[in-house]
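Chemist: Those protein sequences? They're chains E and D, same order as listed. With the working numbering, letter number 65 in the first sequence gets 65, and the count goes up by one each step, no holes. With the working numbering, letter number 12 in the second sequence gets 125, and the count goes up by one each step, no holes.
No lab work stands behind these hints: they were computed from the structure. It cannot be assumed that every hint is accurate.
List of simulated lysine to aspartate or glutamate pairs, EDC-like, C-alpha gap at most 20 angstroms [stated by the list, open to error]:
hint, chain 1, residue 1, chain 2, residue 2
1, D, K211, D, E118
2, D, K211, E, D56
3, E, K44, D, E152
4, D, K211, E, E101
5, D, K170, D, D197
6, D, K150, D, E128
7, D, K150, E, D38
8, D, K135, D, D197
9, E, K44, D, D140
10, E, K9, E, D26
11, E, K44, D, E115
12, D, K171, E, E101
13, D, K181, D, E169
14, E, K14, E, D38
15, E, K57, D, E115
16, E, K9, D, E152
17, D, K211, E, D73
18, E, K44, D, E118
19, E, K9, E, E79
20, D, K150, D, D162
21, D, K155, E, D38
22, E, K57, D, D210
23, D, K155, D, E196
24, D, K184, D, D140
25, D, K211, E, E59
26, E, K44, D, D210
27, D, K155, E, E101
28, D, K150, E, E101
29, D, K171, D, E196
30, D, K211, E, D38
31, D, K170, E, E101
Pulled a few chain E residues facing chain D out of the computed Cβ check, cut under 10 angstroms [as the list claims (entries may be wrong)]:
hint, residue
32, V4
33, Y31
34, Y35
35, G40
36, A92
37, Q102
38, Y103
39, F104
This one's a predicted model, so the numbers in the text were calculated from it and none came from an experiment. We put the beta carbon where it would ideally sit given N, CA and C, even for glycine.
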Amino acid sequence: NAGVTQTPKFRILKIGQSMTLQCTQDMNHNYMYWYRQDPGMGLKLIYYSVGAGITDKGEVPNGYNVSRSTTEDFPLRLELAAPSQTSVYFCASSYGPARYEQYFGPGTRLTVT
Amino acid sequence: GENVEQHPSTLSVQEGDSAVIKCTYSDSASNYFPWYKQELGKRPQLIIDIRSNVGEKKDQRIAVTLNKTAKHFSLHITETQPEDSAVYFCAASMDTDKLIFGTGTRLQVFP
Numbered sequence: 001n002a003g004v005t006q007t008p009k010f011r012i013l014k015i016g017q018s019m020t021l022q023c024t025q026d027m028n029h030n031y032m033y034w035y036r037q038d039p040g041m042g043l044k045l046i047y048y049s050v051g052a053g054i055t056d057k058g059e060v061p062n063g064y065n066v067s068r069s070t071t072e073d074f075p076l077r078l079e080l081a082a083p084s085q086t087s088v089y090f091c092a093s094s095y096g097p098a099r100y101e102q103y104f105g106p107g108t109r110l111t112v113t
Numbered sequence: 114g115e116n117v118e119q120h121p122s123t124l125s126v127q128e129g130d131s132a133v134i135k136c137t138y139s140d141s142a143s144n145y146f147p148w149y150k151q152e153l154g155k156r157p158q159l160i161i162d163i164r165s166n167v168g169e170k171k172d173q174r175i176a177v178t179l180n181k182t183a184k185h186f187s188l189h190i191t192e193t194q195p196e197d198s199a200v201y202f203c204a205a206s207m208d209t210d211k212l213i214f215g216t217g218t219r220l221q222v223f224p
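Excised from the complex, chain D in its bound form (with noise of 0.2 angstroms):
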């Protein structure tokens, strides 16, 4: 089955900084990746998404790209703000009912 894997699994930046976290799949039929995040305590919510058929896709500070043939995404956030900490979680799907999520990276942005 699918497997993700993520990295890495705690990051540190600067406010004002970039961060990248990146994830690695491994069943080439997958076609959906999404990117969850989780504050300290909160239920996880959908910050972004991408669709195999797309290499980029951005929303305001955030950005997601896809390497289909490394069969790997990333999550791009730049100028980092103390809001932004937090666990940051991939998943991938192949078009089925299913999610398969990464471990996690704890984001944490020092002011």
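Chain E extracted, bound-state conformation (with noise of 0.2 angstroms):
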């Protein structure tokens, strides 16, 4: 099993640009996560889902989009890049909700300028 698994690993974008960052889990998870870490801010919850065609918002979800169209699958779309989104972005899954081990990805490094 490879787990979770996330690409680009590092990306630098312009302002106003937009991108995705893609997300696979091969552990038929049914909920996934995507966080952002900032220095010093511990980890925040972007957006998750509790299974294929289903989103929610986490702690910080303005700026970007997620679909969940498959189990395997949890992109994540910023539009409209800003500084602000300079961060590093891990995407995680578990077989159930909160109280179930978190199994994260390797991260994205991006950076905005």
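These two chains come separately, so use the hints to put the complex back together.
Modeler: Here it is in structure tokens:
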């Protein structure tokens, strides 16, 4: 099992550009999450999904969109990138809700200049 | 909503000493408290967790204690080793779909 994979690993965007961060898991997990990690700020939940076709906002959803058409994939879309979106983005998945272990992907380091 | 505060933000200890990281949560309905470890440049990984019906849980050199009355929980690492150097995150959940994470503690263990 590859677990949770993310692409790309690094990306530099110009202000106003758009991009999609890819996340795939092969553990047949229903729950998937997107977090951003800023220095000294911990992990902030952006969006999450409890199953294919179902998504919901987390703590910091503004400027992002998600979709969940399959169990395996949970892409994160950034529209009109801003410097405040410079961060490390982690995707995670779990078998069940919050009390189940979350398995994280390797992360995507995004810089918006 | 739930808020989790974590202290200290950095912690330096000598190899072999103990380390303690403390977290405080705001919502008394929270009932699940995991700890994640993130080594430099790596992804976070679960190291131990505790549920609200338990006061303490141990796994070799690490332990977590929970005080529901005071709404705080702590991670204890004994006989620290250089490989314990990492950022540690606490989190809390109210039996919902989401975890709320603390801001992290950078632990450095010096040989």
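Chemist: It remains to establish, for every hint, whether it holds in the given structure.
Modeler: Tested hints:
1. K211/D to E118/D: 17 angstroms, holds
2. K211/D to D56/E: Satisfied, since the Cα-Cα distance of roughly 10 angstroms is no more than 20 angstroms.
3. K44/E to E152/D: 18 angstroms, holds
4. K211/D to E101/E: 12 angstroms, holds
5. K170/D to D197/D: 19 angstroms, holds
6. K150/D to E128/D: Distance ~18 angstroms between K150/D and E128/D Cα, so the pair holds.
7. K150/D to D38/E: 16 angstroms, holds
8. K135/D to D197/D: Satisfied, since the Cα-Cα distance of roughly 17 angstroms is no more than 20 angstroms.
9. K44/E to D140/D: 18 angstroms, holds
10. K9/E to D26/E: 19 angstroms, holds
11. K44/E to E115/D: 13 angstroms, holds
12. K171/D to E101/E: OK: K171/D and E101/E at ~17 angstroms, within 20 angstroms.
13. K181/D to E169/D: At roughly 11 angstroms apart (the allowed maximum being 20 angstroms), E169/D and K181/D satisfy the hint.
14. K14/E to D38/E: Answer holds: K14/E to D38/E is near 19 angstroms, not above 20 angstroms.
15. K57/E to E115/D: 15 angstroms, holds
16. K9/E to E152/D: This hinted pair holds, its Cα atoms lying about 17 angstroms apart.
17. K211/D to D73/E: 19 angstroms, holds
18. K44/E to E118/D: 13 angstroms, holds
19. K9/E to E79/E: It holds: about 19 angstroms lies between the C-alpha atoms, which stays within 20 angstroms.
20. K150/D to D162/D: 12 angstroms, holds
21. K155/D to D38/E: 15 angstroms, holds
22. K57/E to D210/D: Between K57/E and D210/D the Cα gap is close to 11 angstroms, so the pair holds against 20 angstroms.
23. K155/D to E196/D: Holds: K155/D and E196/D sit about 13 angstroms apart, inside 20 angstroms.
24. K184/D to D140/D: Holds, because 8 angstroms separates the two Cα atoms, which is no more than 20 angstroms.
25. K211/D to E59/E: Distance of about 10 angstroms is within 20 angstroms: holds.
26. K44/E to D210/D: 14 angstroms, holds
27. K155/D to E101/E: 17 angstroms, holds
28. K150/D to E101/E: 13 angstroms, holds
29. K171/D to E196/D: 19 angstroms, holds
30. K211/D to D38/E: OK: K211/D and D38/E at ~19 angstroms, within 20 angstroms.
31. K170/D to E101/E: 16 angstroms, holds
32. V4: 8 angstroms, holds
33. Y31: At 7 angstroms from the nearest chain D Cβ, Y31/E passes the 10 angstroms test, so the hint holds.
34. Y35: 8 angstroms, holds
35. G40: 6 angstroms, holds
36. A92: Holds: closest Cβ of chain D sits about 8 angstroms from A92/E, inside 10 angstroms.
37. Q102: At about 7 angstroms, which falls below the 10 angstroms cut-off, the nearest Cβ of chain D leaves the hint on Q102/E intact, so it holds.
38. Y103: Holds - the Cβ of Y103/E comes within 10 angstroms of chain D, reaching about 8 angstroms at its closest.
39. F104: With a closest approach of 4 angstroms, the F104/E hint holds.
The structure fails none of the hints (numbered hints given earlier).
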